[in-house]
Amino acid sequence: MAIIRTEKLTYKYSEGTPFETTAVDHVDLEIEEGAFIGVIGSTGSGKSTLMQHLNGLLRPASGKVIFDGMDIWADKSRLRDIRFQIGLVFQYPEYQLFEDTVYKDIAYGPANMGLSESEINERVLEAARFVCLDEQQLSQSPFALSGGQKRRAAIAGVMALRPRVLILDEPTAGLDPMGREDILREIKAYHRETGCTILFVTHSMEDIAKCTQKILVMDHGSVFCYDDTAAVFRRAEELEKIGLSVPQITKICSRLRERGIQLDDNIYTVKEACRQLAECYNKRKAGGTDA
Amino acid sequence: MSKQIEVQNVRFHYTDEEGNRLSGDVLKGVSLEIEKGSFTAVLGHNGSGKSTLARLINGILVPTEGTVSVMGMDTRDDDLIFDIRRHVGMVFQNPDNQIVATIVEEDVAFGPENLGIDPQEIRKRVDDALRSVDMYDYRLHAPSQLSGGQKQRVAIAGIIAMRPDCIILDEPTAMLDPRGRREVMETISMLNREYGITVILITHYMDEAVKADRVVVMDDGNIILDNTPDKVFTKPELLQAVGLDVPQASELLWELKNAGLPAEVNAIDEASCVEAVMKLFD
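Protein sequences, first through last, are from chains A and B.
Anchor point for the first sequence: position 172 equals 171 in numbering that gives the first Met the number 0, and the numbering is continuous, going up by one each time.
Anchor point for the second sequence: position 137 equals 136 in numbering that gives the first Met the number 0, and the numbering is continuous, going up by one each time.
Watch out, some of these pointers could steer you wrong.
Straight-line alpha carbon distances no greater than 25 Å define the calculated DSS-like cross-link-like pairs of lysine-lysine that follow [unchecked claim]: (1) B:Lys2 / A:Lys250; (2) A:Lys270 / B:Lys234; (3) A:Lys250 / B:Lys210; (4) B:Lys234 / A:Lys209.
If you are wondering where the hints come from, they were derived from the structure by calculation, not from laboratory data.
Please model the complete structure; the sequences and the hints are all you need to start from.
What follows is the structure, given as structure tokens:
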């Protein structure tokens, strides 16, 4: 069942001025409950603007956002509650850390929900566990943490809301490979354990290939395609044309196929490429027939 | 080839205004020579000291111990700092923090204007710089309406207009989409190849580092590897141990080898990886 649906969602920046631009243009979308969806698109394709509509930060110029079967703008008194249920982690969220300890920063959201001390405590510890911050780090100032740790503390602040949908806007941007890997692993584990619906916006095709089941591709404010990860990466040429790309391993496998190696046309991880190549190799060695 | 930049036994820690130590040693005795016209990539996880090294090279920071000299000029000499900065330009991660004017060409002119260059010469340099990064058609646009990749190329043009011999880029593509990354990388390679500008590129993207002719890997304030890309990226265990990865091209060969296939881990890009795999099927 769809947890979020949009109907002809349209948004214009600087509406009514000579600079008017349509950032999101009649988007119809269905997000399945529990899915892990990657969102890609070049700068200015409307992906961040679209995400900011999903929890009511932006109000559509026309069209609807439907959460749990109800138009989120139908009753404004519900909006606050909706923002707790659809958590949004902005780009470079660590710039928004402000409390004097990491603990207090993570507790800020749950405290605003009006929860009891013990419930807040439970949620802070749970969220900290998801992002692998220990108790000693919780008592430190956020500014004493490394870049990757700060980023994870900021993500924990949103996880502590126990949202039903977690939207992450470029959570790995600017991190080193290990920092990226840590965050990806933690988000995957979070998805597995909580069953929360995840929307993951990124410019890294390699990152998206590692964790998502489905990819939403935005281009010029419209949905370019919305399909299974393998099906999307099969369209390498079209993706290049709209300023995107496919993982390097997908390009390598496509060249190997052209050279006569029998690989599937939907490989997007090194692991899968290795498995299929080893299979081809062993078959060839055993049978002496064509690979 | 001649040495353009010499870093000798540099140790560095941050201090406050009174000279009290604020950090541990960020650099622990680093020595590095950069040849004129070379293209060097510097890798290392966050906190490994690579950005500090970059800031030492154009004199934003000065070493606690040891020396840094640019074309023979010591960065500790305050009288030389403007000369040094004219020789070594720096491009940072976030294009929005580097653009100062409201029109593209005015932004590019900002640097040369501050060097007190003749207005006619500035006009020429601005046009040349914008052409070289392929942004001439946008010279009258507002930077705010450009894409990230375009803004970053304007920032690079602003540096080129000062006619530096060397450009240091500190993660210039970290905030860009795939097209922006391609545009900026093509611009950097072209400046090095066609204008002979020395390039020092700090990056977290292994596929970018592969384009350099030398890769320096930093870890915990030391240089732990310094070699050509094909030597560095065919050592996945070592790189992974210091929190880095290798391009998927070499990762695939490494995985095949681990799976018991007689694969040679010698490729760092798509083309050479395809050839290495095809060898298995010969």
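For this structure, which hints from the list above don't hold up? Failing hint: just 1.
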